[in-house]
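Guided by the hints, dock chain B onto chain A, whose structure is given.
Protein chains in written order, with our numbering: chain A, 424 to 644; chain B, 469 to 667.
None of these hints come from the bench; they were simulated from the model.
Keeping only pairs whose Cα atoms sit at most 20 Å apart, straight-line, the calculated DMTMM-like set for lysine to aspartate or glutamate is:
id, chain 1, residue 1, chain 2, residue 2
1, B, LYS518, B, ASP560
2, A, LYS474, B, ASP560
3, B, LYS608, A, ASP440
4, A, LYS474, B, ASP558
5, A, LYS474, A, ASP510
6, B, LYS591, B, ASP604
7, B, LYS518, A, ASP440
The residues making up each chain are set out below.
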Amino acid sequence: MRRIACLALLGLAACADLVPPRSSESYYEYRQVSGLDTLSFKWLPSQLPVKIWVADDSPLLPHVVTAIDRWERAFLFGEFRATLVPDSNTADVIVRNTPPVSLLTVSVLSAFAPQCTGETTFELAQGGDALQLPWRIFVWPASNPNANGIETCYAITVTHELGHALGIINPNHTGAQVGDVMYRDPVFNGISERDRATVERLYHGPTTLRPLARTPNPSAR
Amino acid sequence: MRLSILTVLVLAAAPVPAAAQLSVRVGAGATLGNALVSEAIVYDDIISLKTGVAPTLALALGYPVAPRYQLLLEARIASSGMTATSDEGDADLGTLRTIGVTVMAEGPLPYGMRFQIGGGAIKYSPSEATGVFLADAPMKPMVTAGLGWVRALRPGLDLHLGGRWDMHEFTTTTLRQRGWSQAQRINRVAFTIGLERGF
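Chain A extracted, bound-state conformation (with noise of 0.2 Å):
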């Protein structure tokens, strides 16, 4: 009897494990192939949180913490946080209510729905191992900035450009569907389980890219 009760005792603390799903085969490419270069960004868990700066008074100030909070929930490890910060000066990602001034040392990722346009712009540094901070996000209306349709726009589209700063990088958007929102002309507001699945991936492989701090510029803003 006693020894049936130390059996049931050990077979009571034995390990059990959870098990992770397969490895999914549901996302999209991410990556951007440059030549012979292939190109991957991700922060990396010492550079959390991502600080992102927002204007107080611009339209997209709500967007941005509704893509923020629709990216982090799309993690079940704490792979990527942000938080908003008070000054551009600091930020790794800058995001604007205004076209881009110039893109002649940048890579440019683009997104195109009826009512407003994004473009995302990362610098590579010298050498092309390392990214240069910071992100830059350009969001804008297409025409009219009251336009009928223009918040749910911006939610889709600031969320796409986010994506892009979470190190979802490939130019042509290849692979992702309508149902996404990483697909070019984004439509739905969300983000889809290949979306997840495709970030998933990308934070829990190797990268090539590795993200390098900006010289503070007092100036700035």
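Chain B alone, transformed into the frame defined by chain A:
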């Protein structure tokens, strides 16, 4: 008013424990458990979700059921940091609090020792409803056993040192929704020091 009179009558009719029947035990200590997610392979990465040493508070009510045996109803709160570790580093995920409620039988052992054995439930309460706790903070059944050592300080007041093991199985709705199967068996040990007062 009618309800108040009825309440008083019900309380008056209820069996009142004789003197020195009930006891109250309060204690403080620490709890340590194994990882909530242990070295799971996710694509090219190995992920664990760990909690640290958790400061613990315990409150128990004892009710004698036989000479030197009593039933214990106990509540325990433990709170610690939660960290996800991967090949890329550690991510701080805030605080995780657990609240355990158990019913145990306690009986005598030699040298002033006591044993406890019983079961109950454990409720998870993370500081943020994110990650594996996005959809819910689960409550799970658990079993527990322990040893205590008692020394009288003065009549009606004892010093109590306790060691406790408990076990439950952990998973969440979010993990299941995302295809994780089975459950993580969580073994925890706790040590407390406290006072026991008889009434």
